[in-house]
Amino acid sequence: MTHVQARAIADLLGLKLKGREGLSALDLARAVRRGISVDAVDRLSARIAPNDLGWRYRIVPKATLARRQRAAGRRLSSEESDRLARIARVWSLAREVWGSDAAAQRFLGEPHSLLGGRVPRELATETEIGARAVEEVLGRLKFGSAA
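Take 817 as the starting number for the sequence shown in the numbering used here and just add one per residue.
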């Protein structure tokens, strides 16, 4: 992950990290381990699936999200934060490849034949391997091979 990618992901998640010029994947890993603010779930969901209010519960289950919102500190667990950062990474790449929020939303929200007919944003939410499969398709699009 480049510094530019790390900065884009940090900005998307609303992370206030020191040394923004030299931000690295390790800085993001530390933030994930500490727990990302619960507010980042709504911020990311609004970007990726603005017309699907229930999609945020694929990131963090509804009851858990409500509990995190009421808790002091309002932080996600490291596992939930990792899932959120993974989806932010996929969004950042989709946005880069497609050039606009609307086009990235369409790509991530529609079934894709190279993903076995799966919806990319759902696949990326489920597992790291699923996210990597989506990133592979995006990479093929970015660099001009068949996708």
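Everything labelled a hint here was simulated from the structure, so no lab data went into it. Treat the hints with caution; some may be incorrect.
Stated by the list, open to error - Here are the simulated distance ranges between beta carbons:
hint : residue 1 : residue 2 : range
1    : Gly830    : Ala919    : 20 to 26 Å
2    : Phe959    : Ser929    : 38 to 44 Å
3    : Thr818    : Arg859    : 32 to 38 Å
4    : Lys878    : Thr943    : 29 to 35 Å
5    : Glu944    : Ala862    : 30 to 36 Å
6    : Arg956    : Glu895    : 25 to 31 Å
7    : Ser929    : Asn867    : 35 to 41 Å
8    : Glu912    : Gly932    : 34 to 40 Å
9    : Leu842    : Asn867    : 33 to 39 Å
10   : His819    : Ile945    : 34 to 40 Å
11   : Gly960    : Arg886    : 46 to 52 Å
12   : Arg890    : Gly955    : 32 to 38 Å
A virtual CB, placed ideally from N, CA and C, is assigned to each residue, including glycine.
Hint by hint, here is what the structure shows:
1. Gly830 - Ala919: 20 to 26 Å: holds, 23 Å
2. Phe959 - Ser929: 38 to 44 Å: violated, 19 Å
3. Thr818 - Arg859: 32 to 38 Å: violated, 22 Å
4. Lys878 - Thr943: 29 to 35 Å: violated, 20 Å
5. Glu944 - Ala862: 30 to 36 Å: violated, 23 Å
6. Arg956 - Glu895: 25 to 31 Å: holds, 30 Å
7. Ser929 - Asn867: 35 to 41 Å: violated, 23 Å
8. Glu912 - Gly932: 34 to 40 Å: violated, 24 Å
9. Leu842 - Asn867: 33 to 39 Å: At roughly 35 Å between Cβ atoms, asparagine 867 and leucine 842 fall inside 33 to 39 Å, so the hint holds.
10. His819 - Ile945: 34 to 40 Å: Hint violated: Cβ distance 26 Å, outside 34 to 40 Å.
11. Gly960 - Arg886: 46 to 52 Å: holds, 48 Å
12. Arg890 - Gly955: 32 to 38 Å: Given about 35 Å between the Cβ atoms, the range holds.
This entry does not satisfy hints 2, 3, 4, 5, 7, 8 and 10, going by the numbered hints stated previously.
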